[in-house]
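Asker: As they're listed, the protein sequences go chains A and B.
My numbering applies: residue 1 is where the first sequence begins, and numbers increase by one.
My numbering applies: residue 1 is where the second sequence begins, and numbers increase by one.
To be clear, the hints were calculated from the coordinates, so they are not data collected in a lab.
One thing to keep in mind: the hints can contain errors.
[Claimed, not checked] Reference listing, derived: stretches of chain B covered by chain A, where coverage requires no fewer than 3 residues with Cβ under 8 Å from a Cβ of chain A:
no.: 1; segment: 8-19
no.: 2; segment: 26-40
no.: 3; segment: 250-260
no.: 4; segment: 483-493
Every residue, glycine too, gets a C-beta built ideally from N, C-alpha and C.
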Amino acid sequence: MSDTVSITCTVNGEPVAADVPASTTLADFIREACGLTGTKIACGHAVCGACTIHLDGVPVASCSAYAFEADGSEIRTVEGLEDADGELDPVQAAFADLSAFQCGYCTSGMIMLARALLDRDPNPSGETIRKWLSSNICRCTGYEMIVEAVARAAEAANPGTMR
Amino acid sequence: MNESARLEVVGRPARRKDAREKVRGKAGYTTDISLPGMLHAKALRSAIAHARLVGIDASAARELPGVHAVLTGDGIGDDIAPTYGYFIKDQPIVALDKVRYEGDTVAAVAAETEAIADAALRLIKVEYEELPPVASIEDALSDGAAELFEEAPMGIVPAYGTGASAELRPRPNVCYRFNYETGSPDVFETCDHVFEDTFHFSRMQHFHLEPFAAVAQWLDGDRIEVSTSCQNPFALRKELGRVFKLPENSISVRVPFVGGGYGSKNNCKAEPIAILLARMTGRPVRFALTHDENFLTNTQHAAVLKLKTGVMNDGTLVARDSEIFLDSGAYSDASPLVAEKAGYRIPGPYRYRHIRTSCDCVMTNTAPAGPFRGFGGTQTSWACESQMDMIADRLGMDPLEFRMKNLIDLGEPFVPGESGMDSDLRAGLELVAREIGYHDRKKNPVPNRGVGLALGFKDGGGVNKPAQARIKVSTFGDIFLHCGTVEIGQGAHSALSAVVAEILGAPAGRVRYMPINTDHTPYDQGTNASSAISVMGQAVERAARSLRAQVLDFAADRLGAEPQDLDLEDWHIRKGNEALPLAPMIMGHFGGTGWEFTADGFHKAETDHSAPLETQCVFWELGWGAADIEVDPDTGLITVHKLVVSGDAGQAINPLVCRGQDEGAAIMGLGQALFEEMVYDGTRLMNGDAFAYRVPMAQDLPAEFVSITQEQGHGPGPFGAKGMGEGGMLPVAPAIANALFDATGVRVAALPLSPPRVKAALAKNS
Ligand code: FES
Ligand code: FES
Numbered sequence: 001m002s003d004t005v006s007i008t009c010t011v012n013g014e015p016v017a018a019d020v021p022a023s024t025t026l027a028d029f030i031r032e033a034c035g036l037t038g039t040k041i042a043c044g045h046a047v048c049g050a051c052t053i054h055l056d057g058v059p060v061a062s063c064s065a066y067a068f069e070a071d072g073s074e075i076r077t078v079e080g081l082e083d084a085d086g087e088l089d090p091v092q093a094a095f096a097d098l099s100a101f102q103c104g105y106c107t108s109g110m111i112m113l114a115r116a117l118l119d120r121d122p123n124p125s126g127e128t129i130r131k132w133l134s135s136n137i138c139r140c141t142g143y144e145m146i147v148e149a150v151a152r153a154a155e156a157a158n159p160g161t162m163r
Numbered sequence: 001m002n003e004s005a006r007l008e009v010v011g012r013p014a015r016r017k018d019a020r021e022k023v024r025g026k027a028g029y030t031t032d033i034s035l036p037g038m039l040h041a042k043a044l045r046s047a048i049a050h051a052r053l054v055g056i057d058a059s060a061a062r063e064l065p066g067v068h069a070v071l072t073g074d075g076i077g078d079d080i081a082p083t084y085g086y087f088i089k090d091q092p093i094v095a096l097d098k099v100r101y102e103g104d105t106v107a108a109v110a111a112e113t114e115a116i117a118d119a120a121l122r123l124i125k126v127e128y129e130e131l132p133p134v135a136s137i138e139d140a141l142s143d144g145a146a147e148l149f150e151e152a153p154m155g156i157v158p159a160y161g162t163g164a165s166a167e168l169r170p171r172p173n174v175c176y177r178f179n180y181e182t183g184s185p186d187v188f189e190t191c192d193h194v195f196e197d198t199f200h201f202s203r204m205q206h207f208h209l210e211p212f213a214a215v216a217q218w219l220d221g222d223r224i225e226v227s228t229s230c231q232n233p234f235a236l237r238k239e240l241g242r243v244f245k246l247p248e249n250s251i252s253v254r255v256p257f258v259g260g261g262y263g264s265k266n267n268c269k270a271e272p273i274a275i276l277l278a279r280m281t282g283r284p285v286r287f288a289l290t291h292d293e294n295f296l297t298n299t300q301h302a303a304v305l306k307l308k309t310g311v312m313n314d315g316t317l318v319a320r321d322s323e324i325f326l327d328s329g330a331y332s333d334a335s336p337l338v339a340e341k342a343g344y345r346i347p348g349p350y351r352y353r354h355i356r357t358s359c360d361c362v363m364t365n366t367a368p369a370g371p372f373r374g375f376g377g378t379q380t381s382w383a384c385e386s387q388m389d390m391i392a393d394r395l396g397m398d399p400l401e402f403r404m405k406n407l408i409d410l411g412e413p414f415v416p417g418e419s420g421m422d423s424d425l426r427a428g429l430e431l432v433a434r435e436i437g438y439h440d441r442k443k444n445p446v447p448n449r450g451v452g453l454a455l456g457f458k459d460g461g462g463v464n465k466p467a468q469a470r471i472k473v474s475t476f477g478d479i480f481l482h483c484g485t486v487e488i489g490q491g492a493h494s495a496l497s498a499v500v501a502e503i504l505g506a507p508a509g510r511v512r513y514m515p516i517n518t519d520h521t522p523y524d525q526g527t528n529a530s531s532a533i534s535v536m537g538q539a540v541e542r543a544a545r546s547l548r549a550q551v552l553d554f555a556a557d558r559l560g561a562e563p564q565d566l567d568l569e570d571w572h573i574r575k576g577n578e579a580l581p582l583a584p585m586i587m588g589h590f591g592g593t594g595w596e597f598t599a600d601g602f603h604k605a606e607t608d609h610s611a612p613l614e615t616q617c618v619f620w621e622l623g624w625g626a627a628d629i630e631v632d633p634d635t636g637l638i639t640v641h642k643l644v645v646s647g648d649a650g651q652a653i654n655p656l657v658c659r660g661q662d663e664g665a666a667i668m669g670l671g672q673a674l675f676e677e678m679v680y681d682g683t684r685l686m687n688g689d690a691f692a693y694r695v696p697m698a699q700d701l702p703a704e705f706v707s708i709t710q711e712q713g714h715g716p717g718p719f720g721a722k723g724m725g726e727g728g729m730l731p732v733a734p735a736i737a738n739a740l741f742d743a744t745g746v747r748v749a750a751l752p753l754s755p756p757r758v759k760a761a762l763a764k765n766s
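Next up, chain A with everything else stripped away, as it sits in the complex (with noise of 0.2 Å):
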């Protein structure tokens, strides 16, 4: 059918190859055709950032990119942080210690976000920290504890190194 459209890529490390319906967005791809339903949608209109997944490296809002977008390209997603043993990611375990979550349902894409800072700046200032997170929208915690988990997370990867 001329309407879908063949992907290959990789998710989370795995070697994915899937025909979607070319409408397919990213994010449908990720929960539906990948049953990787740690990506949350929310918003559908890339602002609130609960969709946030790593595409090559990149954060995107997978809601607003289609699937087709993917191909060819390394997908991350929330399931992809933890370790083969099941040793969570140093921003996973910030925010499960500190509580920087209520709902959870903005919390995938506020771990993605915080990951792909960290991974460009290790050492953020809180200013950083603040103006990074608000491209991502929480609605319960009032953000003060999440903005304190990242740079925990920060801490806990550079031990005195914060800023």
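Given chain A, work out where chain B with the ligands should sit, using these hints.
Answerer: Same frame as chain A, but now just chain B with the ligands:
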């Protein structure tokens, strides 16, 4: 030794029980459910605010490949009660004879995919006969206004106690009026001053990130199984039983994790349509609204509040007469309950000799308003706390001193017949005043910079709210906690499990909070009114104490000892210096397959006719707030330099969770104060999506944001705990408005305090 000095689990900043699932993307929400053969539903929404339905032609939609069913009002038979609501059954599952707001549900489609369902909606032709729209409270109450309901829908008024009453439809376009009165109005004549002021309150949308969603199927053709993003599964089950004319044991409601609600997810939302379409198609149906549709489904109440307050020269409050009008939107939803609470809370936590209030639920052709964090208390705290500062100014008194003079004492009833105040209100106010630098604020005055205080107030724990919990412990000490409190983000799973662990002497990790399914879960009235710890917590505490007693009695029998000489410690019996494992004792008595100890706990406030709302308030929820702000007179932009909020947890079960509740609520209040608002042009919502509707982001955090969890220890919950979660929202807007007055001498009595409104107010004054 007092009990809190030896708490092992309670009071520690532990990881929440749901932490690992939530940070790993493994927590299951309704929107994640996928069943074999499941269809997807979408709803057609009215583009007209007020019209009679003349006809619907859905034939083309029905023929679209992939469409399995189209539901319209004329397809609903006598086997279904077609409307639902809390006190008043006025909201149709799909429009029957009229549409009443832009966004009203006209029809629904079940199809193979959401995309096909959406395509089918575009093929449905609807013929309307337009009616005059009613856009606002003022419109609705004007002479000759069109009526949303020409006849009164079926409804009830609950029993009220001393001084309180209510009436259905006291006048056209008002679906409910709540009244409360105590003391004689004659005292107004003795007052040195009587001040009358009017306040306007704008409406927000809850903006929960998980949309309204339900997945329904019919089992054996006559039983409903529905998983839903819902705060009150038992109330929902009762309503579904009425709508679908089924016994309640034929309806099983399951609630996984809920992705935020803030009040909106009480009662029927996506469920009736999902269930009806599932019946029509014989397939499971998932109905998840879009985030844009949330804006059209439930909102906060906009309000007009008129306060008349009598006071003496020395600042003693004497009397408060209030008239409140809530914009209820097109359907009653929870409006009668919100009216009851707004009408009851408008005096604030102060002492008067006379109080009279009325609160009207006014119907307009806008989205239905419902429960919203604060539940009428946000509206009343806005008006009451703004007027407190206005009166202080008129009397030439300091606003803090004026409040201190009139605050209710610890233990003093709020009104006759009520329970006593369970927080030291003055201590909390002094705490935030110090933290914001209130006493030094005049030392180095900075132009356009000011400080304001406010004390948000509501009765917490709900009215006449029963709750039951069940605990089972297996042979090896694995603990099952069954209770109906929904994990909506507030941390209830962790808090209630911690209470059980504490009482049973077990590590918190031994307790599993079992999934909620109304077939097995003991009854709970709903996860609302900050009631999880204050009401369900008491049921859980009783269940745990009863289970502990059973186990100690059992062990005492086996050991030939007295129960009071034994202690329970990590599923061992501590007897003097010995720690004896329970498992062998249990298998020795009950046989090798073992046994489960089971205990129930129940709580309900006593029915009490002398209490105005028929039960005394469970606990008083306070939010002390203070703001240090600066306003740019050229633009009207307010910058909050420092925001302080404080709640009283009584005893924090988990301090991290308490902090999160206060901070989340406070930042929601900050949005309400400064910019957040559903903007209507007539009956049309102009900013009904995440692009246009602005909520607070991390960049909106004040430079300094301090939250202080007090633990005053007077709560009714386990170990002295009180409820939390709403209080932090209540004081923020009035504290900022009071700070604006302190900075400029200009009073703004309408929300939000947006730059254009503030700029206009400043210009008018100069
Ligand atoms: S759901 Fe993708 S940005 Fe909101
Ligand atoms: S935790 Fe609920 S939206 Fe962030």
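Asker: Compare the structure with each hint and give your call.
Answerer: Hints, one by one, checked against the model:
1. Counting residues of the segment 8-19 of chain B whose beta carbon lies closer than 8 Å to any beta carbon of chain A gives 5, which reaches the threshold of three, so the coverage claim holds.
2. Check result for the segment 26-40 of chain B against chain A: holds, 7 residues qualifying (beta carbon to beta carbon below 8 Å, three or more required).
3. Against chain A, the segment 250-260 of chain B contributes 4 residues with a C-beta closer than 8 Å to a partner C-beta. That satisfies the three-residue criterion, and the hint holds.
4. Only residues whose beta carbon comes within less than 8 Å of a beta carbon in chain A count, and the segment 483-493 of chain B has 4; three or more means the coverage holds.
In this structure, every one of the numbered hints holds.
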